[in-house]
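Undergrad: Single-letter residue listing:
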Amino acid sequence: MIEFNNVTKSYGENIGIKDVNIKINKGDFCFLVGPSGAGKSTFIKLILKEIEADKGSILVNDMEITNIANRFIPKLRRSTGIVFQDFRLLPKKTVFENVAFAMEIIHMSRRSIRRQVPQVLSLVGISSKADKYPNELSAGEQQRVAIARAIVNNPTVLIADEPTGNLDPDTAWEIMRLLEQINLRGTTIVMVTHAKDIVDRMGKRVIAIEKGHVIRDDRGGAYEKQEEKKKLHTGMYMSGGVFDAYVR
Amino acid sequence: MTLMLGSMGYAVKQAFKQVLRNRTMSVASMFSITAMLLILGLFFILLVNINMVTESAKNQFDIVQICLLDDTDYEESEYMITELNDMPEVDNASYLSRDDALEKWKLKWGDNAYLLDSVKDDNPLPNSIVIKVFQLENIDKVVSKAKSFDGIQKINYYGSAVEQIMKITKFIQLGAMIIILFLVVVSVVVVSNTVKLTVLAREREISIMKYVGATNWFIRGPFLVEGMLIGLVSALLSVAIISVIYYKIVELIGQEIIVMLSTAMVPKNFLIFNLVWIFIALGVSIGACGSIISMRRFLDT
Chain W
120 MIEFNNVTKS
130 YGENIGIKDV
140 NIKINKGDFC
150 FLVGPSGAGK
160 STFIKLILKE
170 IEADKGSILV
180 NDMEITNIAN
190 RFIPKLRRST
200 GIVFQDFRLL
210 PKKTVFENVA
220 FAMEIIHMSR
230 RSIRRQVPQV
240 LSLVGISSKA
250 DKYPNELSAG
260 EQQRVAIARA
270 IVNNPTVLIA
280 DEPTGNLDPD
290 TAWEIMRLLE
300 QINLRGTTIV
310 MVTHAKDIVD
320 RMGKRVIAIE
330 KGHVIRDDRG
340 GAYEKQEEKK
350 KLHTGMYMSG
360 GVFDAYVR
Chain D
31 MTLMLGSMGY
41 AVKQAFKQVL
51 RNRTMSVASM
61 FSITAMLLIL
71 GLFFILLVNI
81 NMVTESAKNQ
91 FDIVQICLLD
101 DTDYEESEYM
111 ITELNDMPEV
121 DNASYLSRDD
131 ALEKWKLKWG
141 DNAYLLDSVK
151 DDNPLPNSIV
161 IKVFQLENID
171 KVVSKAKSFD
181 GIQKINYYGS
191 AVEQIMKITK
201 FIQLGAMIII
211 LFLVVVSVVV
221 VSNTVKLTVL
231 AREREISIMK
241 YVGATNWFIR
251 GPFLVEGMLI
261 GLVSALLSVA
271 IISVIYYKIV
281 ELIGQEIIVM
291 LSTAMVPKNF
301 LIFNLVWIFI
311 ALGVSIGACG
321 SIISMRRFLD
331 T
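The listed protein sequences derive, respectively, from chains W and D. Under the working numbering, the final residue of the first sequence carries the number 367; numbering is consecutive throughout. Under the working numbering, the final residue of the second sequence carries the number 331; numbering is consecutive throughout.
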């Protein structure tokens with residue numbers, strides 16, 4: 120669960136985000152869209168507490184993070200997995216080691232590492248590549264490793280920062296299916312993206328940010344603001360509303 | 031506890047890997063620290079020896095020796111001793127016979143005492159009264175009192191020049207301390223720069239570690255151990271070099287001469303033994319400080 124209440128963050132003169140109110144419930148799958156510099160990165164950095172909000176409160180997993188001590192930041196980040204556009208795998212470690220690394224960091228025993236890593240690798244579908252190094256894998260496979268690393272510690276939230284940005288359309292859809300699968304296991308997914316077709320076809324919640332403001336928050340939305348007539352398309356609109364009410 | 035040991039094992043393992051992987055830089059910083067410690071060690075030796083000299087000098091300088099004429103009898107000297115002991119400035123005044131004096135001298139020369147065998151039958155030393163004063167500044171009073179006695183051959187004592195020498199040695203000590211301090215700071219800067227380079231090379235890895243939720247100490251651990259390792263090796267290396275130099279110096283000056291001059295140099299084994307521990311402590315802390323300082327910037331968030 121992620122909740123932003125009147126959050127403002129500015130960088131000197133430039134506004135990152137201003138008076139943003141967002142509530143993402145547990146188990147949600149939502150897209151964060153908007154032009155470059157709209158404030159999407161600010162949003163993610165605030166969730167990970169890479170930067171401090173100027174104003175407002177941010178709750179992640181029922182924990183107020185705007186004024187937690189620095190020593191709790193690692194704990195916060197362990198409850199939120201993150202996947203990047205450029206995968207960010209460690210080149211000198213094998214696939215297995217890359218995933219195991221996330222568990223070593225939180226002092227998991229060697230036995231549980233040996234048990235859990237293969238499970239996660241098979242979940243993301245790259246069991247056969249466990250002993251390969253990242254540069255021996257295709258882009259799609261690398262992103263799968265990154266996802267495996269992000270979810271191996273069972274985070275409640277998975278943040279994906281343009282995870283399909285470097286992938287061809289087919290591979291991108293494979294990754295989306297994987298994320299959907301992870302979402303079905305109960306992990307909240309927040310995905311920043313520019314991929315219009317993915318957003319449109321997934322039909323998930325869409326939060327559009329522009330110039331630091333949330334300009335749209337549609338359930339079952341699309342990448343761009345719908346035409347007036349499409350908005351009146353009751354089925355789509357209603358289903359969003361009903362789902363919304365159900366979740367709340 | 032097992033968690034702590036686990037992450038410590040991880041840190042040590044990683045540190046060894048890092049040192050081997052960045053061999054050139056590790057060796058470069060090792061030599062820099064070694065050079066620093068070397069200079070530091072030589073100043074340290076200087077300091078210790080000066081301390082030794084002043085300490086032993088102090089013990090000699092607060093003594094006044096009244097050499098008695100051969101025909102001064104025991105009663106007369108007894109009278110002098112009581113008079114002197116009554117003075118508030120005097121710690122203790124006592125009689126030293128010529129035979130005892132010769133024995134003392136022999137004791138001091140130790141193995142070289144055979145050189146004194148020739149004077150055994152014809153002891154050139156006089157009977158004397160040895161006076162120890164409380165404070166060096168009051169020595170003149172005691173001397174003028176002693177001068178008033180009859181039956182005195184001469185009075186041996188160190189005057190105000192001693193105080194001057196003391197002041198100079200204090201100054202040298204202070205100077206050496208400042209230089210040592212300065213060198214320690216320089217070493218820390220050198221190590222922190224080295225570690226900073228290895229940290230820069232692994233910046234990406236560190237940022238990933240942070241995203242996955244590693245604590246700062248977990249990230250710092252390997253670098254800390256790396257710095258300490260470099261410091262430790264440098265310490266051992268510099269102690270080895272200093273030992274050789276010191277042994278050579280002692281050999282060159284000659285232990286015998288030193289003993290006869292009675293301004294003994296600090297014994298080599300004693301010095302080296304202490305130096306090893308001091309340098310290991312110093313080297314390891316320099317390494318640790320260096321890496322903590324260089325990591326600071328990378329662990330802000």
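Rather than coming from a laboratory, the hints here were simulated on the basis of the structure. A virtual CB, placed ideally from N, CA and C, is assigned to each residue, including glycine. Heads up, a few of these hints could be off.
Here are the in silico distance ranges between beta carbons for each label pair [unchecked claim]:
no. : chain 1 : residue 1 : chain 2 : residue 2 : range
1   : W       : ALA188    : D       : LEU227    : 25 to 33 Å
2   : W       : GLY146    : D       : ALA231    : 14 to 22 Å
3   : W       : ASN124    : D       : ALA231    : 38 to 46 Å
Quick partial rundown of chain W residues pointing at chain D, CB under 10 Å, derived from the structure [to be verified]:
no. : residue
4   : LYS194
5   : PHE203
6   : ARG207
7   : LEU209
8   : ARG234
Derived pair list, reagent style DSBU-like, types lysine-lysine, alpha-carbon separation capped at 30 Å [said to hold, decoys possible]:
no. : chain 1 : residue 1 : chain 2 : residue 2
9   : W       : LYS174    : W       : LYS142
10  : D       : LYS43     : W       : LYS194
11  : W       : LYS248    : D       : LYS43
12  : D       : LYS136    : W       : LYS164
13  : W       : LYS194    : D       : LYS136
14  : D       : LYS162    : D       : LYS184
15  : D       : LYS162    : D       : LYS177
16  : W       : LYS211    : D       : LYS162
17  : D       : LYS47     : W       : LYS194
18  : W       : LYS323    : W       : LYS164
19  : D       : LYS226    : W       : LYS212
20  : W       : LYS212    : D       : LYS47
21  : D       : LYS226    : D       : LYS136
22  : D       : LYS184    : W       : LYS211
23  : W       : LYS251    : D       : LYS43
24  : W       : LYS168    : D       : LYS226
25  : W       : LYS212    : W       : LYS145
26  : D       : LYS226    : D       : LYS175
27  : W       : LYS211    : D       : LYS47
28  : W       : LYS194    : W       : LYS174
29  : W       : LYS212    : D       : LYS162
30  : W       : LYS248    : D       : LYS47
Undergrad: Against this structure, judge whether each hint is valid.
TA: Do the hints match the structure? See the list:
1. W:ALA188 to D:LEU227: 25 to 33 Å: About 31 Å separates the Cβ atoms of ALA188 of chain W and LEU227 of chain D, which means 25 to 33 Å holds.
2. W:GLY146 to D:ALA231: 14 to 22 Å: 41 Å, violated
3. W:ASN124 to D:ALA231: 38 to 46 Å: 41 Å, holds
4. LYS194: 7 Å, holds
5. PHE203: 8 Å, holds
6. ARG207: 5 Å, holds
7. LEU209: 6 Å, holds
8. ARG234: Violated: closest Cβ of chain D sits about 17 Å from ARG234 of chain W, beyond 10 Å.
9. W:LYS174 to W:LYS142: It holds: about 17 Å lies between the C-alpha atoms, which stays within 30 Å.
10. D:LYS43 to W:LYS194: The hint holds at about 25 Å.
11. W:LYS248 to D:LYS43: Holds, at about 26 Å.
12. D:LYS136 to W:LYS164: Cα-Cα ~82 Å, so violated.
13. W:LYS194 to D:LYS136: Cα-Cα ~75 Å, so violated.
14. D:LYS162 to D:LYS184: 17 Å, holds
15. D:LYS162 to D:LYS177: With a Cα-Cα distance of about 16 Å, the restraint between LYS162 of chain D and LYS177 of chain D holds, given a limit of 30 Å.
16. W:LYS211 to D:LYS162: Since the Cα atoms of LYS211 of chain W and LYS162 of chain D sit roughly 74 Å apart, the hinted pair is violated (cutoff 30 Å).
17. D:LYS47 to W:LYS194: 28 Å, holds
18. W:LYS323 to W:LYS164: The hint holds at about 22 Å.
19. D:LYS226 to W:LYS212: Holds - the C-alpha atoms of LYS212 of chain W and LYS226 of chain D are around 22 Å apart, at most 30 Å.
20. W:LYS212 to D:LYS47: Satisfied, since the Cα-Cα distance of roughly 13 Å is no more than 30 Å.
21. D:LYS226 to D:LYS136: 60 Å, violated
22. D:LYS184 to W:LYS211: 85 Å, violated
23. W:LYS251 to D:LYS43: Holds: LYS251 of chain W and LYS43 of chain D sit about 22 Å apart, inside 30 Å.
24. W:LYS168 to D:LYS226: 25 Å, holds
25. W:LYS212 to W:LYS145: Given that 30 Å is the threshold and the Cα spacing comes to 33 Å, the pair is violated.
26. D:LYS226 to D:LYS175: Status violated; Cα separation ~69 Å.
27. W:LYS211 to D:LYS47: Cα-Cα ~12 Å, so holds.
28. W:LYS194 to W:LYS174: With a Cα-Cα distance of about 23 Å, the restraint between LYS194 of chain W and LYS174 of chain W holds, given a limit of 30 Å.
29. W:LYS212 to D:LYS162: 75 Å, violated
30. W:LYS248 to D:LYS47: Given that 30 Å is the threshold and the Cα spacing comes to 25 Å, the pair holds.
The structure fails to meet hints 2, 8, 12, 13, 16, 21, 22, 25, 26, 29 from the earlier list, while all remaining hints are met.
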